[in-house]
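Visitor: These are the residues of each chain, in order.
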Amino acid sequence: DAGITQSPRHKVTETGTPVTLRCHQTENHRYMYWYRQDPGHGLRLIHYSYGVKDTDKGEVSDGYSVSRSKTEDFLLTLESATSSQTSVYFCAISESSQRNTEAFFGQGTRLTVV
Amino acid sequence: KQEVTQIPAALSVPEGENLVLNCSFTDSAIYNLQWFRQDPGKGLTSLLLIQSSQREQTSGRLNASLDKSSGRSTLYIAASQPGDSATYLCAVLSAGGNEKLTFGTGTRLTIIP
Chain B
1 DAGITQSPRH KVTETGTPVT LRCHQTENHR YMYWYRQDPG HGLRLIHYSY GVKDTDKGEV
61 SDGYSVSRSK TEDFLLTLES ATSSQTSVYF CAISESSQRN TEAFFGQGTR LTVV
Chain S
115 KQEVTQIPAA LSVPEGENLV LNCSFTDSAI YNLQWFRQDP GKGLTSLLLI QSSQREQTSG
175 RLNASLDKSS GRSTLYIAAS QPGDSATYLC AVLSAGGNEK LTFGTGTRLT IIP
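Protein chains in written order, with this note's numbering: chain B, 1 to 114; chain S, 115 to 227.
The shape of chain S in the complex, shown without the other chains:
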């Protein structure tokens, strides 16, 4: 059974710093991994999708990497801003199964002005 872990559960950093969020998964047989952000009381916004054959994806100040063999992904946020404060979730789509995304419980990020 796939399990996804995100550590730490919460993180506070001063504005302007670069930061890394971590995601680990137990079964390396995946189709892809997706990073989302969720603002309080809101739905999820897709940030980046990395296919299993890819090593990284970039969008603006965000860069996500994937090491499938070790079961790890990182989300790098450059030059953090207060607007980046949110909960960040990673989810994996396991190979061989149905359409079930397995989500981590998220990292709540606070950027301190």
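Here chain B stands alone, though its shape is the one from the complex:
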């Protein structure tokens, strides 16, 4: 799994609570990504990072924030969880821009908002 660890792997939380998902990599890759996977939609990019403290929005960024204070860690925060954020969340990494290199994915975090 290219040295990517997501935590937690499963979480159930209540509507309105903040939730933080963690992605940790041991590959020293520059780029890190957060995706969500939903039936009928495929994977969609939430946010990504191209270096420490450098982040950008993806396709479905509303309601999410990210932080990257160290190369190895990329945190995804749901500021106030809603039922529409029930999903499987995947972290991915790439050594450089995806224009040149492939992306490697973690095992996913299944989040249920009740």
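What the hints contain is simulated information worked out from the structure, not anything from laboratory work.
Mixed in with the good hints, there may be bad ones.
[Said to hold, decoys possible] Straight-line Cα separation of at most 30 angstroms, BS3-like style, residue types lysine-lysine; simulated pairs:
id : chain 1 : residue 1 : chain 2 : residue 2
1  : B       : Lys57     : S       : Lys182
2  : S       : Lys115    : B       : Lys57
3  : S       : Lys182    : S       : Lys115
4  : B       : Lys57     : B       : Lys11
5  : B       : Lys57     : S       : Lys156
6  : S       : Lys115    : S       : Lys156
7  : S       : Lys156    : B       : Lys70
8  : B       : Lys11     : S       : Lys115
9  : B       : Lys57     : B       : Lys70
10 : B       : Lys11     : B       : Lys70
11 : S       : Lys156    : B       : Lys53
12 : B       : Lys11     : B       : Lys53
13 : B       : Lys70     : B       : Lys53
14 : B       : Lys53     : S       : Lys182
In this text, all values refer to a predicted model and were calculated from it rather than measured experimentally.
Following the hints, complete the assembly by docking chain S onto the known chain B.
Guide: The following block gives chain S in isolation, referenced to the frame of chain B:
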């Protein structure tokens, strides 16, 4: 807006057969196309990456082709095995945008022993 389509959504074939999975995309201005496999409850495993300047890539029993002008890619699996059963996803990286991969919804492949 880039859209990626994979048809069929599900496919069952007997073990040993050669098979082709299809991927089409609407905007031919891409940097590359990537094929992944996903096992149930697992993450994605990268299979092949084809740059826009390439026509095909091979890895073992897998061969992926890219026809950028027509917006099509195929993944050819030779001599299929039960272990090939998984969902196969294709994703394109569009030129001129950010790092956003656009994914298809996948083809669920079942190899019948």
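Visitor: All hints are to be evaluated individually against the structure, with a verdict given for each.
Guide: Hint check:
Distance hint between Lys57(B) and Lys182(S) is fulfilled; the C-alpha atoms sit about 27 angstroms from each other, no more than 30 angstroms. At most 30 angstroms may separate the alpha-carbon atoms for a hinted pair to count; Lys115(S) and Lys57(B) meet this at roughly 16 angstroms. Our distance criterion of 30 angstroms between C-alpha atoms is met by Lys182(S) and Lys115(S), whose separation comes to about 16 angstroms. The hinted pair formed by Lys57(B) and Lys11(B) meets the criterion: a straight-line CA distance of about 24 angstroms does not exceed 30 angstroms.
For a cut-off of 30 angstroms, the pair hint linking Lys57(B) to Lys156(S) stands: about 25 angstroms separates their Cα positions. Straight-line distance between C-alpha atoms of Lys115(S) and Lys156(S) comes to about 29 angstroms, which keeps the hinted pair within the 30 angstroms bound. Restraint check: the Cα-Cα separation between Lys156(S) and Lys70(B) comes to about 26 angstroms, which is no more than 30 angstroms; the hinted pair holds. Between Lys11(B) and Lys115(S), the direct Cα distance comes to roughly 33 angstroms. Violation of the 30 angstroms bound is thereby established for this hinted pair.
Our distance criterion of 30 angstroms between C-alpha atoms is met by Lys57(B) and Lys70(B), whose separation comes to about 19 angstroms. With a CA separation close to 24 angstroms, the supplied pair Lys11(B) and Lys70(B) stays within the 30 angstroms bound. A threshold of 30 angstroms between alpha carbons decides the hint, and for Lys156(S) with Lys53(B) the separation of about 29 angstroms falls inside it, so the pair holds. Distance restraint check for Lys11(B) and Lys53(B): the Cα-Cα separation of roughly 26 angstroms lies within the 30 angstroms cut-off, and the hinted pair is therefore satisfied.
For the hint pairing Lys70(B) with Lys53(B), the CA-to-CA distance comes to about 8 angstroms; that is within 30 angstroms, so the pair holds. Annotation: proposed proximity of Lys53(B) to Lys182(S) is violated, straight-line Cα distance about 35 angstroms (limit 30 angstroms).
Hint compliance for this structure: hints 8 and 14 are broken, all remaining hints hold.
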